[in-house]
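Visitor: Which chain is which? The protein sequence lines are P and X, in order. All residue numbers for the first sequence refer to the numbering used here, where the first residue is 242 and numbers rise by one. All residue numbers for the second sequence refer to the numbering used here, where the first residue is 2 and numbers rise by one.
Simulated from the structure, these hints should not be mistaken for lab results. Using N, Cα and C, we set each Cβ at its ideal position, and we do this for glycine too. Be aware that a few hints might be false.
[Claimed, not checked] Here are some of the chain P residues that sit facing chain X, going by a computed Cβ distance under 7 Å: (1) 275; (2) 464; (3) 556.
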Amino acid sequence: MGLRTPPLGPVHEDAGATFTDFGGWEMPVEFDSIRTEHAAVRESVGKFDVSHMGEIVVSGPDATQLMQRLTTNDVTVLDPGESHYSAMTREDGVMLDDTMVYRLPTSVDDDFLFIPNAGHDEQMERRWRDHADGLDVTVDNRTAAYGLIALQGPDAKGLLAPETDLDLDAVPAFAIVEGTTAGVETLVATTGYTGERGYELLCPAEEIETVWDTLNCQPCGLGARDTLRLEMGFLLAGQDFHPDEEPRNPYEAGIGSVVELDTEFIGRDALEQIAVEGPDEKLTGLSLIDRGIPRDGYDVTTPDGTHLGTITSGTMSPTLGTPIALAYLPMEYRNAGTTLRVVVRDEPKKARVRATPFLDR
Amino acid sequence: MSFNVPDDLRYLDTHEWVRQDDDTATVGISDFAQDELGDVVFVELPDEGDELTAGTDFGVVESIKAVSDVYAPVSGTVTAVNDDLIDRPELLNEDPYGDGWLLELELADESELDGLLSPDEYSDQIA
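Full structure from sequences and hints, please.
Guide: Set out below in structure tokens:
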């Protein structure tokens, strides 16, 4: 099977981007340099093409019931135009994916939108259909029809405001509104994956180029997206959790707050048990004291060499200038300040447990 | 995109360069290599006095996104390493043929230089 390409692929090529295979999509990883792109988002504004993310729309009288059954958070608390973070779990509580769930504004005919991670859209579409038996609900996978742009950074509002008919001052965080941006019908959400204020703009794939070009700022690739999210301790599906290779439940992954045990969802009973007993391990922030860069797959040990876990994500933090990482560690070793070792090319390097997010925002 | 390939250097197909000065040689990575790697954030180099063998790895250069071994273009004894790179690894991006040099060594066998790529040959390789 060939790689899926985003509608903006040729535009990125003209801009001199380098590309990578991510979740079956050929996506820009770097336009100028990760450091430059990362700094643009932290200090001013940057734009990301995240059209590799899935879009699934769920509508009908029983849409709420289906969303409640298949996501861990309580969708009934969402009013039209609101969103929250959530997870999809198996019967045993292991996470299949994580997502934002949007209850669409009343101006839109549809009810819910959620955003499976790259390459997960077909699996999630199937899962939603498989559980729709007897329900009055439609499930529509619009991943190919939509393009998605993330505009992130302290100057995002100032850049977007003159290009849209929306009153951005009136849009709170975690909201979704419908408006016209650069003459294109867009759904504009005040969400993101960087820790900065910003917007995610959903528009028809064939018109995304108009919106992209109008938002004149630093284009950013998946490289900077990764360093930005890791500074915030945000999870990367497929790496910080994976149903086969890194099977983890939301409590272990540190997102227990999106598990609403008062609702009936797949995985609830297993998670209730884990909530009572407490997880044995939890995703933990580390920073290296010795010189070196922690990378996924590197071992974490005690100072005397006892194996404790494995790094799932690591990098040199461009903002902090220190090497940072995430690893699943036993509860007794994850107090902030605990001194451990990360094994880099057979050399144990001194590391300390740190609270996440690594960056205050 | 075109990359700087100074014509007074010899190159290894793994993107290291070597500059001969009598019986010593300076070693670094090429402009193409630093661009491929992106922002360099960490460099691990041998110690002075270490013996390097042509074609074997002697250190590591890490960018934000990648880890890359670096290989000795020629054999010899390390006489100096670029300590500035410890605090300023970005010198490798900014000036790969100047301030971003990696190490200096005393050549064990000058004739090894003849087996390396000429600037034209290396330019063809990265074209």
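Visitor: Classify the hint on residue 556 (chain P) as holds or violated, based on whether any CB of chain X lies nearer than 7 Å to its CB.
Guide: Holds, because the Cβ-Cβ distance from residue 556 (chain P) to chain X comes to roughly 6 Å (cut-off 7 Å).
Visitor: Regarding the hint that residue 464 (chain P) lies at the interface with chain X, is the smallest CB-CB distance below 7 Å?
Guide: Where the cut-off is 7 Å and the nearest Cβ of chain X is about 5 Å from residue 464 (chain P), the hint holds.
Visitor: A closest beta-carbon separation below 7 Å is what the hint needs, so does residue 275 (chain P) meet it against chain X?
Guide: holds, 5 Å
No hint from the list above goes unmet by this structure.
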